[in-house]
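Assemble the complex: chain D is given as a structure, and chains V and S with the ligands must be docked to it using the hints.
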Amino acid sequence: MDIPYTVHARPDTGLYNAKIGIWLFLASEVMLFGGLFSAYIFLRVGADYPWPVHDLDVTLGFVNTVVLIASSVTVVMAWACLKMRKFGWYRINMAITVLCAAVFMINKTLEYKAKFAHYAVKLTDGTLLTGHLPHGYQIKFDGVTELSLSVPVKKSAVSADPVGYVLPFIEGDAPKFKTEDGQEITLDQATFASLAASAVEKAKAANKGSASIKLVAATPVKFAAKPSEIFGYTDTTITFRDGTTATGKLVDDKMTLEVDGVDARGVAQSEKSLAFDHRYLGEAWQKAFVSNRDHHISKFEKDYPTRDKSKSATLQKEALFFKLHSATPPAEGEAHGEKHGAEAHAPAEHGGGHGEAHHPTVVLEKKDITFFSNFTPKLNTYYAIYFTLTGLHGAHVVVGALVLLYFLVFDDKRLKKDPEHLANRVEVGGLFWHFVDLVWIFLFPLLYLL
Amino acid sequence: MADNIEAIQKSVKKYIAIGALLIFFSGLTVALSYIELPTHGLNILVGMILATIKAALVALIFMHLNHERSTIYKILAFTAVFAIVLFVLFVLSHDDPLTFSGFYSPVDR
Amino acid sequence: MSAAATTHDHAHDHAHDDHAHGHHQQNFVWKYIFSTDHKTIGMQYGLTGLIFLLFGFFLMLLMRWSIAYPGVPVPAIETIRALPAIGDLFEAMFGRWLNADGSLNGELYNMLGAMHGTIMVFFGIVPLGFAAFGNFVMPLQIGTIDMAFPRLNMMSYWFFFISCVLMMYSFFVGTGPVQTGWTMYSPLASTANIGVTSVWNHGHTWWLTAMVFNISASLLGSVNFIATIINLRTKGMTWMKMPFFCWAMFVTAFLLLLAFPPLEVAAILQLSDRVFGSSFYLPTGLMEGGKHLDISGGGSPLLYQHLFWFLAHPEVYVLILPAFAILTDIIPCNARRPLWGYKSMVYSVLTLGFLSFLVWAHHMYLTGMGTMMSTYFQITTVLISVPSVILLTCMMISLWGGSIRFNTQMLFASAFLPMFGIGGLTGLPLAFAFIDLALHDTYYVIGHFHYVVAPGTIFALFAGVYHWFPKITGRFMNDKLGKWHFWPSLVGMNLVFAPMFIQGMAGFHRRWYDGGKYFENTSGFTNWSTTLTHKIGAFFGFDIPDNMLSLNIVMSIGAFILALGQVPFIINFWFSIKGGKKTTSDNPWDATTMEWATPTPPPHGNFLFDPVAHRGPYEYSVPGHGTDFYPQWESEPGKPETNPAADKVLAHH
Ligand code: HEM
Ligand SMILES: [Cu+2]
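Chains as they are written, first to last, in my numbering: chain D, 1 to 450; chain V, 1001 to 1109; chain S, 2001 to 2653.
Bound conformation, chain D alone (with noise of 0.2 Å):
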């Protein structure tokens, strides 16, 4: 017995049931990207910053625009193909369409990789500057010698993990440690844990909820790691994500940063932004941002003379969103002119780090940094929701190309066996695909160009 109306339509309602199983989908589908574009109003209206415009690479996004547009051309093409029986031609549309998604993703998979690689770092007086680790960023400790750890009785979160998360960033090989009792140990995860098992047997009969172990090591260590994969410093002591403290000294948490980009919007007064301090970029870099400025807000008052300068968000960040082309300013009266500030992500600028600079650098003192992020979610709630919107409908792209392959790989047979079945079937997949190239419409202008 099989389940009716799978091929033809039922009378009275006209549609087959995939048809109508596929626009409920797409119905809650809509009601996904309804959600998330209602969180990205929701953000936007509430941002208590300027909310980047024209951030991305505009040209890597319309190229993608047209991937997409030619893509759900061409699935349309095959259910028509196959409708028509010209099963050769159904196979080329279908083809393309696949091979569009593919072209998609790889442009996609360039634009987050540059994204991932460059940084921003908000100092404290509200500038923001963007820009490239070329030596990444660590933390440096030095003259390591005691390390304590601290094993709670019962399971819980935090419990020691040396092997797991000290050992990892002790530069160079790890020396021999010494127990409380004078033992010499290698640390590794069967020693620790039967270290451990001990201790924790002393805590119970002492009645305590944790065991602590010191370890003493026998030549001072070197730690050099990451902020996120530490749990928190100080100027003597270390703390590792597993509890584990190391006293010692703090030698480098300075951090090196080719400079790209000088936002000096949340500054009150912007040529004294600290970015212009004679530690970092100095004075000839702050006489290129002023008269960058001032160029850009005089030809602002003679293009629109009844407009409110304060009111425009364009020059705003024209003004003020300094982008650094050079490794030395520019000599006076050069510096002005460049266009939107988009082209200075593109991944051809992604030298950083391989000798000839095409940017200053300069090394900020950890006390003027109060936040720093690649650009990822965590930059700020326009790239959270950048990433969380373009990789959802990426990883529907994926879904998509993947249905549409297999129905031109997989399920070739029914070609000549039930064609009617197979049109239905891309009819389906094809609904989605329009459905993904539809998201795609509102994503790109929102997120690229407005």
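Take the hints with a grain of salt, since some may be wrong.
[As the list claims (entries may be wrong)] Chain D residues, not near chain V, derived (Cβ > 12 Å throughout): (1) M84; (2) I106; (3) L110; (4) D188; (5) K226; (6) T256; (7) K272; (8) P360.
[Said to hold, decoys possible] Restricting the straight-line Cα-Cα distance to at most 20 Å, the calculated cross-link-like pairs of lysine to aspartate or glutamate (DMTMM-like) are: (9) D:K176 <-> D:D188; (10) D:K155 <-> S:D2101; (11) D:K155 <-> S:E2636.
Just so you know, these hints were derived from the structure itself, not from any lab. Heads up, the beta-carbon is just placed ideally off N, CA and C, and yes, glycines get one too.
The following block gives chains V and S with the ligands in isolation, referenced to the frame of chain D:
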């Protein structure tokens, strides 16, 4: 639905034309986004109108919504209502026309 | 599983469908585990749901202990710990958080509370009410052979199963399960316990991942339900001849379909906050423990609440509509009267479904959202009570003049009506922002919604189990044990939930792990109810102090009675599968809807003849008709429908 072969044959050209139109509109959106209108809100409005036209073309022509069954229209109508409710009320919730806060405040953003 | 086993045997007795279709050479695994048959899937959902209801109930018992006796060791804790296997399990899930003396602390209480809510709502009631009863009964009632997409149906269950595993796993990870309430409000939920080793060490991450699977399962299920109802109704089954059960399931499926995606968004964004460090729900300058968090800020907790309640209000109707669905079958059948006002009920449930999307922010009056929003939501909230009242009233009037058969399911059904009434009426004051100011987040709210879902929905679910058990297994559940199940449950439920209104109006906060012990004002306050409690306690020789806190003890006693009341049910359920009284007819309750036209239990493919709906679904006590019921499928009074299924198979080829 365009089920007879002739109708489909005719629509093939239409699909390609619509595709070209969509690409044209996309280019237009990009170009317009670089022109500074009196407020950025207007830029957004223009961009969204263009996007809505494009979306409508895709939905009506490619997704055959120009001649679909009433059941589908009913499902989509409810969905559209709820999605719009989602948009509007989200904005209203921290932007209140009664107290002139947020979006309705005299300060342009 | 033996219920399913009988199904299978029976299917072969009837030997109705032996042509080669592949699904008949299946072995056990494909037949009962990865089955695509809507009845098997319904039973899978049902059993899972029942187990989770029991588990969620157990979590609540632990909580109630802490509320009534804060700081007192859990009774028999050492015995529990010493049990083989169970002891270790208990220790890993809960024991490791207990205080040294074996009493509960706030941390464990919060875990229990959050998981109780989550499990009851998403893993207990929805799977049982919507997925289990809907899957089993709905295709039978519209006279079709299966769901429109049987394989999606199977996937739905397995997505749900994965979500169950992930959710249970969260008990075992480092920081234990979530502690932030079933509502999972950010920023607390975005930041709690973050920063320690890996994110996968937090129950929270698992909660969110599990919810993503759970939501996907619901979406697949609801697509299936709607497509089935639209396209697979059998001949003659016009929309207005469809049992109200199916209408309610139809609306429920729409609620799930359109309301769950925003929750999925909420979960994804919260996951991003936790895993990628984004600030969707975190405002600028957020501090924790006196330190600025390492976040960009710029988000808003309000966004989370909107996305959450956009689902969660429709979700409460997802909880109640299956209950209405079940009752509209049981009440007419046992009152031997047609359902009163079928049409107005259908329109009401459609209105209710529509309005339920427009009232969500009545949970957010205290967030400081705009006055216009607040006004709007007060109006819609009051509006939505109208269709709810119509539904309830129609069911009450359906009893009028009936010769009621008080079997167990009817007892549960008739208790539902006043209980739901209390729950609904206590919701009305909450609809007004100025009253909600005082009552929000107090035990009053807890009382309100528990009256709707516990003695409301859960009673309806029990009624449904008693009602359809004979169809599923071919045996009745024991009526005596059923009554032993019903009365303690009714008493227990009211003892637990009625005092909550009093406490709530006295200002008791809903999340105190110690029941308010350390708040002097609460313990000093007395009124008639506390005095009554004191006197009754004294009568039995207990010294229960005359203050508000004593109500905690009353409620915990109620919970204990409720727990005892479930023992007869569990015994009844398992023993009746094999040992219950056998049914002598395929239609043991003399009902009129189509599921009773199938063999017992219904075989794969359901019907032995091509079912046609000849009349409405509630033709009881039709004047001039020979018997007091006139089934939908009978073409002439009393004439058995015999055309063999083989014809039907051919007809579809
Ligand atoms: C009949 C009309 C109803 C009205 C006017 C109503 C109104 C309300 C209001 C205003 C609240 C928010 C209280 C607060 O948090 O301060 C609330 C909470 C709640 N209601 Fe209702 N309700 C109704 C029916 C129902 C039904 C039928 C159900 C479930 C089946 C239900 C379940 C809930 C739940 C679960 C909550 C609390 C959620 C939480 O905060 O954890 N309500 N109700
Ligand atoms: Cu509500």
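Hint-by-hint comparison with the structure:
1. The Cβ of M84 of chain D does not lie farther than 12 Å from every Cβ of chain V; its closest approach is about 6 Å, which violates its non-interface assignment.
2. Every CB of chain V is more than 12 Å from the CB of I106 of chain D (nearest about 19 Å), matching its label as outside the interface.
3. Listed as a non-interface residue, L110 of chain D keeps its Cβ farther than 12 Å from every Cβ of chain V; the least gap is roughly 19 Å.
4. Distance to chain V confirms D188 of chain D as a non-interface residue, since its nearest Cβ pair spans about 54 Å, more than 12 Å.
5. Distance check on K226 of chain D: its Cβ is at least 36 Å (rounded) from any Cβ of chain V, clearing the 12 Å threshold; non-interface status holds.
6. Every CB of chain V is more than 12 Å from the CB of T256 of chain D (nearest about 35 Å), matching its label as outside the interface.
7. Look at K272 of chain D: its CB is around 25 Å from the nearest CB on chain V, clear of 12 Å, so calling it non-interface holds up.
8. Residue-level check passed: P360 of chain D sits 29 Å from the nearest beta carbon of chain V, beyond 12 Å.
9. Taken as a hint, the K176 of chain D and D188 of chain D pair is honoured in the structure, with Cα atoms around 10 Å apart against an allowance of 20 Å.
10. A threshold of 20 Å between alpha carbons decides the hint, and for K155 of chain D with D2101 of chain S the separation of about 17 Å falls inside it, so the pair holds.
11. For a cut-off of 20 Å, the pair hint linking K155 of chain D to E2636 of chain S is broken: about 69 Å separates their Cα positions.
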